Amino acid sequence: MSSLLDANERFVALADAIAARDAHPGDAITSLRETGRAAFAERGLPHTRLEEWRYTNLAPLSGLSLEPPSEDGRIDRSLLESLATPVFACGLAVFINGRPQEALGGLPAGDVSLTSLRDADPGTAGRLVDVKQHPLAALSAATTEDGIVVQIPAGVALEHPVHLVFVSSSPDAPSVSSPRVVIEAGAGSRAVVIQDHVSVAGGHAHFTNAVTEVHAGANSDLQLAVIQREDDADIHASNVAVHQERDSRFASHVITLGGRLVRNDLNVVLAGSGAECTMNGLYLGTGDRLIDNHTLVDHAVPHCTSHELYKGVLADDSRGVFRGRVVVRPDAQKTDATQQNPNLLLSDGTEIDTKPQLEIYADDVKCSHGSAIGRIDEEALFYMRARGIGQRDARALLTRGFAAEILATLPGEALAEALTADFVARMTGGTGA
Amino acid sequence: MAQSTNSEVEALAGREYEHGFITDVEEERIPKGLSEDTVRLISAKKDEPEWLLEWRLKAYRRFLQMLAEDNEPTWANVDYPPIDYQDMYYYAAPKARDELDSLDEVDPEIRATYDKLGIPIAEQERLAGVKIAVDAVFDSVSVATTYKEELNKQGIIFGSFSDAVKEHPELVRKYLGSVVPYSDNFFTALNSAVFSDGSFAYIPKGVRCPMELSTYFRINANETGQFERTLIIAEDSSYVSYLEGCTAPMRDENQLHAAVVELVALDDAEIKYSTVQNWYPGDKDGKGGIYNFVTKRGACRGKRSKISWTQVETGSAITWKYPSCILQGDDSVGEFYSVALTNNKQQADTGTKMIHIGKNTTSTIISKGISAGRGQQSYRGLVRIGPKAHGARNYSQCDSLLLGDECGAHTFPYLEVKNANSTVEHEATTSKISEDQLFYCMQRGLSEEDAISMIVNGFCKEVLRELPMEFAVEAQNLLGVSLEGAVG
Chain A
1 MSSLLDANER
11 FVALADAIAA
21 RDAHPGDAIT
31 SLRETGRAAF
41 AERGLPHTRL
51 EEWRYTNLAP
61 LSGLSLEPPS
71 EDGRIDRSLL
81 ESLATPVFAC
91 GLAVFINGRP
101 QEALGGLPAG
111 DVSLTSLRDA
121 DPGTAGRLVD
131 VKQHPLAALS
141 AATTEDGIVV
151 QIPAGVALEH
161 PVHLVFVSSS
171 PDAPSVSSPR
181 VVIEAGAGSR
191 AVVIQDHVSV
201 AGGHAHFTNA
211 VTEVHAGANS
221 DLQLAVIQRE
231 DDADIHASNV
241 AVHQERDSRF
251 ASHVITLGGR
261 LVRNDLNVVL
271 AGSGAECTMN
281 GLYLGTGDRL
291 IDNHTLVDHA
301 VPHCTSHELY
311 KGVLADDSRG
321 VFRGRVVVRP
331 DAQKTDATQQ
341 NPNLLLSDGT
351 EIDTKPQLEI
361 YADDVKCSHG
371 SAIGRIDEEA
381 LFYMRARGIG
391 QRDARALLTR
401 GFAAEILATL
411 PGEALAEALT
421 ADFVARMTGG
431 TGA
Chain B
434 MAQSTNSEVE
444 ALAGREYEHG
454 FITDVEEERI
464 PKGLSEDTVR
474 LISAKKDEPE
484 WLLEWRLKAY
494 RRFLQMLAED
504 NEPTWANVDY
514 PPIDYQDMYY
524 YAAPKARDEL
534 DSLDEVDPEI
544 RATYDKLGIP
554 IAEQERLAGV
564 KIAVDAVFDS
574 VSVATTYKEE
584 LNKQGIIFGS
594 FSDAVKEHPE
604 LVRKYLGSVV
614 PYSDNFFTAL
624 NSAVFSDGSF
634 AYIPKGVRCP
644 MELSTYFRIN
654 ANETGQFERT
664 LIIAEDSSYV
674 SYLEGCTAPM
684 RDENQLHAAV
694 VELVALDDAE
704 IKYSTVQNWY
714 PGDKDGKGGI
724 YNFVTKRGAC
734 RGKRSKISWT
744 QVETGSAITW
754 KYPSCILQGD
764 DSVGEFYSVA
774 LTNNKQQADT
784 GTKMIHIGKN
794 TTSTIISKGI
804 SAGRGQQSYR
814 GLVRIGPKAH
824 GARNYSQCDS
834 LLLGDECGAH
844 TFPYLEVKNA
854 NSTVEHEATT
864 SKISEDQLFY
874 CMQRGLSEED
884 AISMIVNGFC
894 KEVLRELPME
904 FAVEAQNLLG
914 VSLEGAVG
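Residue numbers (my numbering), protein chains in the order written: chain A, 1 to 433; chain B, 434 to 921.
If you're looking for bench data, these hints aren't it; they were derived computationally from the structure.
Since the model is a prediction, treat every value here as computed from it, not as a measurement.
There may be inaccurate statements among the hints.
As the list claims (entries may be wrong) - So the derived label-pair ranges between C-beta atoms look like this: (1) B:GLU839 to A:ALA201: 33 to 41 Å; (2) A:ALA157 to B:GLU502: 58 to 66 Å; (3) B:PRO602 to A:THR48: 35 to 43 Å; (4) A:ALA41 to B:MET887: 56 to 64 Å; (5) B:LYS717 to A:ALA41: 45 to 53 Å; (6) A:PRO171 to B:LEU497: 51 to 59 Å; (7) B:SER468 to A:ALA41: 49 to 57 Å.
Unchecked claim - As a list, the in silico DSS-like pairs of lysine-lysine whose alpha-carbon atoms are at most 27 Å apart: (8) A:LYS366 to B:LYS894; (9) A:LYS366 to B:LYS720; (10) B:LYS465 to B:LYS736; (11) B:LYS478 to B:LYS465; (12) B:LYS865 to A:LYS334; (13) B:LYS478 to B:LYS491; (14) B:LYS894 to B:LYS865; (15) B:LYS599 to B:LYS479; (16) B:LYS736 to B:LYS607.
Claimed, not checked - With the C-beta cut set under 10 Å, the calculated list includes, among others, these residues of chain B facing chain A: (17) ILE516; (18) SER833; (19) GLU849; (20) ASN854.
Just so you know, even glycine gets a beta-carbon here, dropped at the ideal spot from N, CA and C.
Work the whole structure out from these sequences, hints included.
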């Protein structure tokens, strides 16, 4: 407990140091930092006695003595491409330790507008995330250096995905970066946004504490892929908040392949009738990593649909946590909500704590959820071995098949292929089968 | 069991009510409030041994500590004003009711409910407090004696908790608090300090209890007061089926009921515990009604042992109840079958915990929730598979049915799995009653109420069939009666 208190003090000091380093009174970042700092100073880091944090102990984080992010000049285009494959030509923006690198990014032309948060109107960021409810989002706001505002104008359909790459690097000391992404999808627009988190191998632990706010306008169609494949020493927290207007369609894909401790919060508010939401997730646990996914979909109005499928593969001594909450408000009749959380456990040291949760206050609804935890099907394994496929290959193939349901839904073949290859490499490297 | 013997036994039990408690009725109430003196006084009134008083006092101190630390559980999805623990009688003798001369004097509304439930006349009379015909009493004395003899012959001990403390202190001392320690939670600490009475059953090795231990208890349960304590021990290879509660509506002066039930099953033993609870749910606006805060837990200590909980919860303003199984023995089995119904402003937060410790342990959870009016209903369950529980298996299914647009149904399942060769499955659905089904039934001449009652019974069938035969029919009718006024 005392270490947590120490950590809180250190983190507040860190926020002050970052704020003092480059102060720009009156801009969007300054107001974000101030509200974040106030909320974090009041509540501090969450502890396991809070229901939302019951299974996730932040000791690895509170033990770090974090420095403000530094520049790392070693990152060039070829290193970037090796880390973030495939790198899309259109709409690429690159951040190193939370700061935009225009030289690497090549900000795009065309219909989408990518603006630095520094240049955005005050109040652009922070509208969707309640920092009093989310302590790590409060810390993220307090320590943010910059962010990006992605605006897709009304009626525009983007041909290529917008690719945001966040590279973290802590060569000298453990450091923190808190990038903020704001996506504003105009009415009737269509786009794919990929938020790709990678890190430079070696060096010290890096804590990425990202917040993404999505405003999905009426009848817009937006896909967001959040990809986490950082170094095994890194800590990652991600908070994605989505607000959906009438008839909008939003799909999120959260793929977690790396990081020592990963906590994802995804909160979707279906605020306009006819809105549809798809939440897909895949997490791979290897070594002694912990991956925690918390999702909340709030059916606030009638005639909305939500479908959620989070799949987990856990190997070695890794741990998975899943909590999916579906809330149907009193007037939200004709809601159709489904939720699934199947988990595949590959070895005995693993642990999964899952809590699929329905809260329903309306009667004319169709809601279901399911959760399953099991091992590789012995019969399927036998079938393959009888056909001359070795134990190791058969297991890998079956696990890959289990994950394919999520990976195949990723927007764009190139991305699906690259992540499938990465998944298989990490999984076979991890199980040691 | 034939219906006639059944009603006779009930009539007898009614007689026991009349006389068995006379000493209690004559005793004064212990004044309101909770203090060490209250605990000592309760213990003294029951003439308890020193160790039990010590145990009560430890529980009392623990309760005080929890009260000071504000440890009253607030995590449940229920809403009620704070309880003043000093504004309660902790030892109140049952109230003597005004006796009526015949059923004709009973409130016609209550009689109509009895008829709908299909309760035999003799039991109706007992419930309504009508003087029971002398011949019926004489008749049943012999029946009861036969039952008692039969149980004794097989070495089964069954009676009130107080009697067990006097006659079999070694058994009580060995097992009391061994499944639910007094410090388990806020309400168990309170119960352990001030429990008044309850039931005790001991089934010796290899004995299959020849009858449901229900018929007796039907009467005991209603009058043991608000803090009851039940302890059932099934020795190796024994079997017992136990039923508590009653389908008839029960009016009760006590708002707070905090009971504790402990079950112990040793090698190859099986305990089947069924509950039908229909306490006063409060009026249409949620005024009054019982707070039913119960801790029930069974330990499958032995290999291949089995504990099965079946509950039909239709009463009480607030239900807070999680009958659980601790599956310690290898190959042991836990089961939980539940129907919970909330109407008007009732709230229920109920479910189970299945703690898998031994190898190849299996558990099944079937929970059916029906929410009508402005009722709020939550399933809250925990399935924990420990690291050494290799080959464990769990299947859970929680379905909710919604009737009306102001009610709610919620599901809070916790699944914690700590090894890779276990299988856990959880499924839940929530939906409203199907218009097509309703139309189909009504088109064939059923009234809307009958049609709904029929559909609800179909929805609950998997659970109702687990109830002992003589209770299943009453439970079915009970669901219909409890839903009255929900449609319209």
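Here's how the hints hold up against the structure:
Evaluation of the 33 to 41 Å hint for GLU839 of chain B and ALA201 of chain A yields a failure: the beta carbon distance comes to about 57 Å. Against the hinted window of 58 to 66 Å, the Cβ-Cβ separation of ALA157 of chain A and GLU502 of chain B comes to about 59 Å, which satisfies the hint. Against the hinted window of 35 to 43 Å, the Cβ-Cβ separation of PRO602 of chain B and THR48 of chain A comes to about 42 Å, which satisfies the hint. The beta-carbon spacing between ALA41 of chain A and MET887 of chain B, approximately 60 Å, falls within the hinted interval of 56 to 64 Å.
Taking the beta carbon of each, LYS717 of chain B and ALA41 of chain A are about 48 Å apart, inside 45 to 53 Å as hinted. The hinted range of 51 to 59 Å is satisfied by PRO171 of chain A and LEU497 of chain B, whose Cβ atoms lie roughly 57 Å apart. Look at SER468 of chain B against ALA41 of chain A: about 44 Å separates their beta carbons, and that is not inside 49 to 57 Å. The straight-line distance between the Cα atoms of LYS366 of chain A and LYS894 of chain B is roughly 21 Å, inside the 27 Å bound, and the hint therefore holds.
For a cut-off of 27 Å, the pair hint linking LYS366 of chain A to LYS720 of chain B is broken: about 32 Å separates their Cα positions. For the suggested pair LYS465 of chain B and LYS736 of chain B, the alpha carbons sit about 46 Å apart, so the restraint of at most 27 Å is broken. A C-alpha spacing of about 16 Å is found between LYS478 of chain B and LYS465 of chain B, which places the hinted pair at or below 27 Å, so the restraint holds. Annotation: proposed proximity of LYS865 of chain B to LYS334 of chain A holds, straight-line Cα distance about 10 Å (limit 27 Å).
Between LYS478 of chain B and LYS491 of chain B the CA atoms are separated by roughly 19 Å; this keeps the pair inside 27 Å, and the hint holds. Restraint check for LYS894 of chain B and LYS865 of chain B: satisfied, since their Cα atoms lie roughly 17 Å apart, inside the 27 Å limit. A hinted pair counts as satisfied when its Cα atoms are at most 27 Å apart, and LYS599 of chain B with LYS479 of chain B qualifies at roughly 9 Å. With a C-alpha separation of about 20 Å, the suggested pair LYS736 of chain B and LYS607 of chain B falls inside the 27 Å cut-off, and the hint holds.
With its C-beta approaching chain A no nearer than about 23 Å, ILE516 of chain B sits outside the 10 Å limit, and its interface hint is violated. The interface hint given for SER833 of chain B is met, as the beta carbon of that residue sits about 7 Å from the closest beta carbon of chain A, less than 10 Å. Annotation: interface hint on GLU849 of chain B holds; nearest CB of chain A at approximately 5 Å, less than 10 Å. Given hint, ASN854 of chain B at the interface with chain A, holds; its Cβ is 6 Å from that chain's nearest Cβ, closer than 10 Å.
The structure does not agree with the numbered hints 1, 7, 9, 10 and 17 stated previously, though it agrees with the rest.
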